[in-house]
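Keeping their order, the protein sequence lines are chains L and U. The numbers in this note's numbering rise by one with no breaks, and the one at position 262 of the first sequence is 262. The numbers in this note's numbering rise by one with no breaks, and the one at position 34 of the second sequence is 34.
A couple of the hints might just be wrong.
What the simulated footprint calls covered on chain U by chain L, stretch by stretch (three residues with Cβ under 8 Å from a Cβ of chain L suffice, anywhere in the stretch; the number is not a length) [claimed, not checked]: (1) 22–36; (2) 79–92; (3) 101–112; (4) 127–141.
Label-pair restraints from in silico Cβ distances [claimed, not checked]: (5) Glu-120(U) / Val-27(L): 29 to 35 Å; (6) Met-66(L) / Ala-121(U): 25 to 31 Å; (7) Ala-138(U) / Val-161(L): 57 to 63 Å; (8) Glu-124(U) / Pro-164(L): 54 to 60 Å; (9) Ile-74(L) / Leu-26(U): 38 to 44 Å; (10) Glu-124(U) / Ser-150(L): 56 to 62 Å; (11) Ala-121(U) / Val-27(L): 50 to 56 Å; (12) Thr-30(U) / Leu-250(L): 17 to 23 Å; (13) Met-262(L) / Glu-124(U): 41 to 47 Å.
Simulated from the structure, these hints should not be mistaken for laboratory data. Remember, predicted model here, so these are calculated numbers, not experimental data. Backbone N, C-alpha and C define an ideal beta-carbon position, used for all residues, glycine too.
Residues per chain are reported as follows:
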Amino acid sequence: MNIVMAAAGAVLFLILAPVLGGLISGVDRVLTARMQSRRGPPVLQPFYDISKLWHKERAFANPVEMILTSGYLILIAFSGAILFSGGDLLLVVFALALSHTFLILAAYAANAPYSTVGAERELIGVMVAEPILILLAAGFFIVTGSFFVSDIVSDPTSAIVYLPGVFLALFAVLTLKLRKSPFDIATSHHAHQELVKGVTSSLSGRTLAKVELAHWYETIILLAMMLLFFAANPVLGIIVVVICYFLEILMDNLFPRVTWKMTMKSLWTVTLILGAANIAVLGILGGVMV
Amino acid sequence: MSSAGKSPWLMHYNASSCNGCDIEILAALTPLYDVERFGIINTGNPAHADIFVVTGGVNEQNKEVLKNLYDQIPEPKVVVAVGICASSGGVFRDCYNVSGGVDTIIPVDVYVPGCSVRPEALIEGVVKALGVLEEKRAAVDNGGLR
Ligand code: SF4
């Protein structure tokens with residue numbers, strides 16, 4: 001991929017991802033409402049929410065929240081820009097992890113009990129999600145011989161053929177990443193919950209708007225990662241990703257939240273059994289394509 | 001763009017109400033009435049709230065809590081006093097421990113009398129509150145309330 005294409009990919013991501021992410025979030029809320037026999041909000045509701053938050057008074061529990069939430073947003077956007085410019089998958093994964101560190105610090109900075117509990121739970125979320133993201137990068141390397149997204153997408157076979165276990169483990173962790181039940185321990189999108197929105201509980205107005213915007217970016221990054229498994233057949237990939245997202249909404253409505261211990265145990269088990277075993281089998285078979 | 005009225009997040013606090021009004025509020029927030037249609041979200045967090053719905057005549061024990069919650073809601077914010085207790089203290093107004101209405105502690109924008117409130121009145125009160133929220137939002141944007 002040449003430099004012009006790479007730059008175009010990054011710029012398109014930075015501009016379009018919030019639009020698409022917001023729309024996905026709106027459709028998500030409408031579908032959730034329909035599953036509960038309600039009409040639900042307008043599809044554009046997430047944009048109304050962000051616009052409202054942006055115009056609220058700037059009130060902070062600690063002024064450093066402003067910098068930390070900006071860091072969170074910028075690093076997530078950076079991570080996605082690398083992904084969409086065909087860059088190094090490892091860099092994408094590490095930038096994503098680092099971005100969450102900023103969110104966790106922002107929550108700790110408030111020095112309030114709910115916020116601290118939320119920060120600790122977000123930390124658990126990062127610990128749970130990180131192994132599978134690294135396995136994903138390793139898996140793509142074994143299959144295509146490169147960490148670069150530009151090489152992965154130009155590979156003639158779809159990686160899903162060799163990495164079905166890694167894909168399924170990523171799907172399981174997606175529930176946590178999209179902040180959906182049963183793994184929405186750090187914060188959720190639901191109207192009311194016992195920790196009154198956990199990691200975001202001390203954030204308000206613009207800082208909260210930035211966190212929401214970052215979440216839209218992250219949604220697109222994760223869905224794009226799933227799409228990477230179907231590089232040779234993007235149409236099939238899009239169908240699978242749409243089905244996966246629908247299943248996430250369904251699960252969100254079916255299951256109650258589990259405890260943080262259960263979250264760790266179940267997702268680490270899935271990562272180990274499906275993800276690590278998948279990589280191990282590939283290793284034993286002698287690294288398919290390299 | 002006016003969006004404050006399209007995304008009102010609501011917080012409910014019981015300042016020593018008899019629970020009669022609270023039951024009406026909670027009933028109106030059930031999925032049956034689907035207030036999310038209007039972008040309303042019932043939040044438990046003052047930092048995220050726009051509309052503060054208070055019931056009860058406020059007593060010595062909770063007036064500090066009420067004041068504290070109010071202070072934590074960022075501008076623009078609207079306070080709706082729900083029920084005759086919240087509006088004026090109602091039948092409890094002369095009790096030695098009752099302040100006599102929410103407006104004895106924090107400024108109230110919309111009064112919804114009734115004992116307990118009728119759901120129609122409650123919804124009308126919140127709709128009125130949306131209008132006030134829009135006005136305040138314009139004032140905040142002009143630097144008036146900061
Ligand atoms: S107005 Fe009536 S129903 Fe409402 S809190 Fe007071 S006494 Fe109870």
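Going down the list of hints, with the structure as the test:
1. Only when three residues or more bring their CB closer than 8 Å to a CB of chain L does the claim for the segment 22–36 of chain U stand; here the count is 3, and the claim holds.
2. For the segment 79–92 of chain U, the proposed coverage by chain L is not satisfied: 0 residues have a C-beta within less than 8 Å of a C-beta in that chain, short of the threshold of three.
3. Counting residues of the segment 101–112 of chain U whose beta-carbon sits less than 8 Å from any beta-carbon of chain L gives 0, not enough to reach three: the coverage restraint is violated.
4. Evaluation of the coverage hint for the segment 127–141 of chain U: fulfilled, as 3 residues show C-beta separations to chain L shorter than 8 Å, against a requirement of three.
5. Distance hint check: the CB atoms of Glu-120(U) and Val-27(L) are about 32 Å apart, consistent with the given range 29 to 35 Å.
6. Between Met-66(L) and Ala-121(U) the CB atoms are about 41 Å apart, so this pair departs from the stated range of 25 to 31 Å.
7. For the pair Ala-138(U) and Val-161(L), the beta carbons lie near 58 Å from each other, so the given range of 57 to 63 Å is met.
8. Roughly 56 Å separates the CB atoms of Glu-124(U) and Pro-164(L), a value that falls within the hinted 54 to 60 Å.
9. For Ile-74(L) paired with Leu-26(U), a C-beta distance near 41 Å keeps the hint of 38 to 44 Å intact.
10. Evaluation of the 56 to 62 Å hint for Glu-124(U) and Ser-150(L) yields a pass: the beta carbon distance comes to about 59 Å.
11. Take Ala-121(U) and Val-27(L): their Cβ atoms lie about 35 Å apart, and the range 50 to 56 Å is violated.
12. Between Thr-30(U) and Leu-250(L) the CB atoms are about 22 Å apart, so this pair conforms to the stated range of 17 to 23 Å.
13. Taking 41 to 47 Å as the suggested C-beta distance range, the pair Met-262(L) and Glu-124(U) conforms, at roughly 45 Å.
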